[in-house]
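Enquirer: Whole structure, please, built from the sequences with the hints as guidance.
Protein chains: 2
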Amino acid sequence: MTINKAQQVFPRAEYLRRLTAVKAEMARRQIDALVVSFDRNMNYLTGYTARSGYIPQGLVVLIHEEEPTIILRKMDVAAAHHQTFLSRDKVVGYPESLIGSRDKDGYDAVIDFVQEAGAANGGVGLEFANLPPAAVDKFRARLPKAKIVDFTSVITWIRMVKSDLEISLMKEAAAITDAAILRAAEVIRPGVREADAAAEIVATLARGANGKPGTSLASFWMNSSPRTGTSHLTWSDDVFRNDSQVNLEIAGVRYTYTAPMSRTFSIGRPSDRLRRVHEAQIAGLEAALETIRAGRTCSDVAQAAHRALAKHGVEKESRYGYPVGIDWTEQTASLKEGDMTELKPNMTFHVHLGNWIDEDFGVMVSQCIRVTEAGVEVLTEAPLKLIELPTAA
Amino acid sequence: MTINKAQQVFPRAEYLRRLTAVKAEMARRQIDALVVSFDRNMNYLTGYTARSGYIPQGLVVLIHEEEPTIILRKMDVAAAHHQTFLSRDKVVGYPESLIGSRDKDGYDAVIDFVQEAGAANGGVGLEFANLPPAAVDKFRARLPKAKIVDFTSVITWIRMVKSDLEISLMKEAAAITDAAILRAAEVIRPGVREADAAAEIVATLARGANGKPGTSLASFWMNSSPRTGTSHLTWSDDVFRNDSQVNLEIAGVRYTYTAPMSRTFSIGRPSDRLRRVHEAQIAGLEAALETIRAGRTCSDVAQAAHRALAKHGVEKESRYGYPVGIDWTEQTASLKEGDMTELKPNMTFHVHLGNWIDEDFGVMVSQCIRVTEAGVEVLTEAPLKLIELPTAA
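In order, the protein sequences belong to chains P and L.
By my numbering, the letter at position 191 of the first sequence is numbered 191, and the numbering carries on one by one without gaps.
By my numbering, the letter at position 299 of the second sequence is numbered 299, and the numbering carries on one by one without gaps.
Hints listed in this document are in silico derivations from the structure and should not be mistaken for laboratory results.
Hints may contain errors.
Identical copies look the same in the list; a pair holds intra-copy or inter-copy alike.
Subject to a maximum C-alpha distance of 30 Å in a straight line, what follows is the list of computed DSBU-like cross-link-like pairs (lysine-lysine) [to be verified]:
1) Lys344 - Lys138
2) Lys385 - Lys74
3) Lys104 - Lys147
4) Lys171 - Lys385
Predicted model only: the values in this text are computed from it and were never measured.
Expert: Below, the structure is given as structure tokens:
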């Protein structure tokens, strides 16, 4: 039996709009057939969310065809029929014999498709950075007459400006983030194992908010004393203590759209140093938000934050944030000095004052925002402050 | 202030043993300096678990030095000092200016290190499949006198045979998996949202078992009717119903060691078809387990499972499982016909009878096992059966 179509997250017109933007970039680069390998871009253009990208797969966009064709391992075909807006004939499964074989793999199925589509002698776009080197070599070897063009990150740049429909999902995700931050403030207590607090927080991220469940779990960072100078660890085996500081960075997710937030928690009265640095970071964050509006650059925002921090005698080396959307970070612009990317309405950023000052001391606070014509809309509602929690007697 | 060393998951001797095995393979290939890029291999050789691999980094193993050197973005250095067995001078941070820059990136810092180590004119090993093509090009361009050698998957093959210490962690992870499967059987009920059941299951995976918390969350697959023919989706927005079938594949994790398990649940009496196919799959799984022992090949195991399924009139196209360890799948051998990899004691496999038969019908059951001299040790304890759950009136 064939599988039904799931209720679609976006209408067909939304995907066609995105494809039109991609095809315009293909035309500019004289590309007839584009092979999309980056799973976030495949998701963007089709609605496919299955985590099958650990084996070869690809979405082929032909410039003269309305719908692209997704080429997957056969066992992932049902998910594509179910989730994507694509017609049934635009979902192609390759046989299991291509898995774990030395000579051939799923990229051969993709190349076969490009050849059969009559595109072997024209411009063929690849996302180099999202392919293993051997796959790029194979495309070159098996398509010797094609002009191979690197399309790395072109679609990610297109993704930067969201549609209103995408903004709605970002807001739903942000509400989940809020709920989980509030839950964290309830469960982080002296004597509680970090893992037990993490359990409550991830459960909240799954349950969601306002009747809208989380649809998957994003990365989860909980760095407590003495690990507040680290940034990419999950929780530890430890138990929270009086005077522990906890840096938490989490994100709710709705259909891949991810709204991250960082907050710093203090069990008991924060140290003077923590209080002082956090105050500076809030000032930096607010200066950044006051600067953001359509027409300003990423560099403008970073400079404003930098100046505000400097007034408080605090330096920060890393960037002040990055664009967010599908599966958290979009690797395009950065909120850093010298990045002249112009802000446009409906770009969304995680404005992140994360500052890892010493090996054993860091402070994090952030907002997830949307750029508007006139300024900024903060997508979350959790209070913007250092969150003080009760100690144990 | 410097950060303290965390309580070490493995003694120094364990890491040195692993490094000795890697250096033997380096010597065989005349490699003086090996650059490890695959984050699971970096973890294996040092204990580093931070999820910082979305930007360039590397672990450089010099054949004549006991300890390797880890080269990270500066903000990740504290995590390496805290987690790894490495001396402080073996952790090198590169400046933030290399992030998001067009000309230079963290790979330049790695190449600088290789040059300064005097290894630029010798054999240099790279994990090609774990590097973007542009990075491989940069290594070639900046190390023109080096003999570049592809070391892809060599360390992953070394990881296949576990030490007894690793097996202990796999068992702790398996106990967490058991607890979460039992929790799933309690919470999957008609009228319950899939997300709410998922919340309880992930919370259990975080809390852990026997006083040992989960240390991170592995991928999570919950494919319920009509999605049982799909394999790589998380939960959906739906509510479970009477007669829903639920395919669940989850894994507990202890310090990256991951013990996956699949079970099929039926709310109410399973259909004849489900019951029949599940019975066949159990027979296939048991035949596989009876075949596994040191000296047999992966192909032997697959053939035994295949024959048992055939007796029940069931075919299965995909492989019968794969090695597991750090972060779930090890991409080396496969339990499939023709794979002549010889089984050795302390190899660990996820023997997976996952069968996606129609677009809207699939059945999953598996065991996570250790190969022994005489046979097999199943690491989990959850009952090996189709799990029937009560319906709503």
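Enquirer: When no copy is named, should Lys104 and Lys147 be tagged within, between, both, or neither for a Cα gap of at most 30 Å?
Expert: This pair counts as both: shortest intra-copy Cα distance 22 Å, inter-copy 27 Å.
Enquirer: Checking an output row: Lys385 and Lys74, CA cutoff 30 Å. Within, between, both or neither?
Expert: between (50 Å within a copy, 27 Å between copies)
Enquirer: Between Lys171 and Lys385, at a C-alpha cutoff of 30 Å, which is it: within one copy, between copies, both, or neither?
Expert: within (21 Å within a copy, 42 Å between copies)
Enquirer: With identical chains treated as interchangeable, where does the CA-CA distance between Lys344 and Lys138 reach 30 Å or less: within a copy, between copies, both, or neither?
Expert: neither (39 Å within a copy, 34 Å between copies)
The structure fails hint 1 only (numbered hints given earlier).
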